[in-house]
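Engineer: Letter by letter, the chains look like this.
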Amino acid sequence: MAITKLLVANRGEIAVRIIRAARELGLKTVQVHSAADTESLAVRMADEAVNIGPPIASKSYLNIANILKAAADTGADAVHPGYGFLAENADFADAVEAAGLVWIGPNGGAIRVMGDKVAARVAAEAAGVPVVPGSDGRIDDPDRARAVALAIGFPVMIKAAAGGGGRGIRIANDMDEFDRLIPQASAEAKSAFGDGGLYLEKVIERARHIEVQILGDGTRAIHLFERECSLQRRRQKVWEEAPSAQLPQPMREKLCASAVALAKAVGYRGAGTLEYLYDDATGHFYFIEMNTRIQVEHPVTEMVTGVDLVREMIRVCAGEPLRYRQEDIRLSGHSIEVRICAEDPARNFQPGPGTVTELTVPGGGGVRFDTMLYPGYQVPPFYDSLLGKLIVWDENRSAAITRMARALEELHVGGLPTTRSLHQLLARDPEVQAGAFHTRWLEPWLERNAHKLGTEETKA
Amino acid sequence: MTKQLLSPLPGTFYRRPSPDQPNFKEVGDTVAVGDVIGLIEVMKSFNEVQADQAGTLTAFIADDEEPVMAGQPLAELA
Chain A
25 MAITKLLVAN RGEIAVRIIR AARELGLKTV QVHSAADTES LAVRMADEAV
75 NIGPPIASKS YLNIANILKA AADTGADAVH PGYGFLAENA DFADAVEAAG
125 LVWIGPNGGA IRVMGDKVAA RVAAEAAGVP VVPGSDGRID DPDRARAVAL
175 AIGFPVMIKA AAGGGGRGIR IANDMDEFDR LIPQASAEAK SAFGDGGLYL
225 EKVIERARHI EVQILGDGTR AIHLFERECS LQRRRQKVWE EAPSAQLPQP
275 MREKLCASAV ALAKAVGYRG AGTLEYLYDD ATGHFYFIEM NTRIQVEHPV
325 TEMVTGVDLV REMIRVCAGE PLRYRQEDIR LSGHSIEVRI CAEDPARNFQ
375 PGPGTVTELT VPGGGGVRFD TMLYPGYQVP PFYDSLLGKL IVWDENRSAA
425 ITRMARALEE LHVGGLPTTR SLHQLLARDP EVQAGAFHTR WLEPWLERNA
475 HKLGTEETKA
Chain B
29 MTKQLLSPLP GTFYRRPSPD QPNFKEVGDT VAVGDVIGLI EVMKSFNEVQ
79 ADQAGTLTAF IADDEEPVMA GQPLAELA
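Going down the list, the sequences are from chains A and B.
Note that our numbering has the first sequence beginning at 25, numbered continuously upward.
Note that our numbering has the second sequence beginning at 29, numbered continuously upward.
No lab work stands behind these hints: they were computed from the structure.
Positions of the beta carbon are idealized from the N, C-alpha and C atoms, including for glycine.
Incorrect hints may have been included.
Said to hold, decoys possible - Partner residues are not named here, just some residues of chain A that face chain B (Cβ under 7 Å, in silico): (1) P79; (2) I80; (3) E121; (4) N372; (5) P375; (6) P405; (7) F406.
Unchecked claim - For lysine-lysine, the following DSBU-like pairs were computed, each having C-alpha atoms within a straight-line distance of at most 30 Å: (8) A:K83 - B:K72; (9) A:K83 - A:K93; (10) B:K31 - A:K214; (11) B:K53 - B:K72; (12) A:K288 - A:K226; (13) B:K72 - A:K93.
Claimed, not checked - Here are the in silico distance ranges between beta carbons for each label pair: (14) B:K72 - A:D200: 36 to 46 Å; (15) B:A60 - A:G124: 13 to 23 Å; (16) A:R68 - B:V61: 42 to 52 Å; (17) B:A106 - A:G387: 52 to 62 Å; (18) A:T379 - B:L34: 13 to 23 Å.
In isolation and in its complexed conformation, chain A is listed as follows (with noise of 0.2 Å):
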């Protein structure tokens, strides 16, 4: 390999992760890390470890001074920016490749243009891939926002140009709620981002959210088919499969090509994930967004294609070609993820950070485990709540569902809240077993079902 010492930009469970990859590719490593996470999993298994701040994200893992310091004192050839913090962050990768260091992640040209809302949609429609009808762009005019909203048809969504997260949107369900939300949601996005540019786009009701990953290296590009995470709870994947629950042949195919050709059509290098919504109604797939980086539920992709998405990003963006051909890569089986999170069910998943007193891993075939634990281990309040993912492979769906189950009630974490007890009603739920849900499902069912989230399930 044409690096030999890898720096992890990341904390957690996705350090973890790097860390193995690194190793298994013959790779040292150096873990940057928070005045908090000194007793870190990564930290204990990482070559060496560089404190880089207080621990606050914004003065540690955030801080690219320091992080770019790290690595010259190191002597790191390379950085992984993991998901999170720093890793979609275009002038961190233009820092790390002007100090001459090898940037796991597209480049940042690439992280730029798929980062930008707008943009992204405009590339997207060039490679042919169809987007969620709507303004394509600013809508400044008045006059023009209203036939714009009664070409694509209500509801509308009015987003704001430079927002991002959720926030700055509002939905208008007739014209005359649309001429009154429009110059509320100018000024809130002036004050908010600084920039009251608007655009619109159709709301889709009722979809599944399905993502399809890549890897490419710069020239070829290659897809690993899809993964369908519509189990969402505040725009938060809990609940991860690959292949999608349901996906005729057919669409699954179009969706795949389709993400080839926009990885293809911006030169894109390292794995990414392109985002889409499917109506199983009506049969269109709308692309969302591009996520440049690995994602969190990367995993059930390496269960059901036997590829090591994290090993192969490290190979291609230190220079290696593509090893695999399209054809090579092959679906086998069914892969779910859970997301194993410090948070209490029963109580609005209110968080609760810890020690982790008892720890029991599940095992046996076709289950993994990716998590930071080990017993002792106290989990810091200053970063996000995930713990661990929970991942089973088997043959269909049905028998993957009956292995998560089994695995859960394996899994014990003392002394924390867990959402175990959730993943358990849900591994139960007919709707879920049937694979008939949406991206608007598991709010509702929270809501109906919240009586039963409050105690821990031991056997049944």
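Given chain A, work out where chain B should sit, using these hints.
Structural biologist: Leaving out everything else, chain B in the frame of chain A:
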């Protein structure tokens, strides 16, 4: 007599509702029971810290963006 306002949770203490807004309270301000004096971020969820005593704010013991433990004093009242 000095009274202390304690952090109800472990996490990161913020004196402002968001980075571009002013502090909830300044030294010298009057504090009534139930007034919000800051936020504690626990695993990306934000929780208001409400005063459980009244008085005049004489000092902040915890700084903005500082890590705090549950039960740690955040501010003093007189």
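Engineer: Now, for every hint given, state plainly whether the structure supports it.
Structural biologist: Now the hints, each set against the structure:
no.	hint	result
1	P79	holds, 4 Å
2	I80	holds, 5 Å
3	E121	violated, 29 Å
4	N372	violated, 10 Å
5	P375	holds, 4 Å
6	P405	holds, 4 Å
7	F406	holds, 6 Å
8	A:K83 - B:K72	holds, 16 Å
9	A:K83 - A:K93	holds, 14 Å
10	B:K31 - A:K214	violated, 42 Å
11	B:K53 - B:K72	holds, 23 Å
12	A:K288 - A:K226	holds, 27 Å
13	B:K72 - A:K93	holds, 28 Å
14	B:K72 - A:D200: 36 to 46 Å	holds, 37 Å
15	B:A60 - A:G124: 13 to 23 Å	violated, 58 Å
16	A:R68 - B:V61: 42 to 52 Å	holds, 46 Å
17	B:A106 - A:G387: 52 to 62 Å	holds, 59 Å
18	A:T379 - B:L34: 13 to 23 Å	holds, 21 Å
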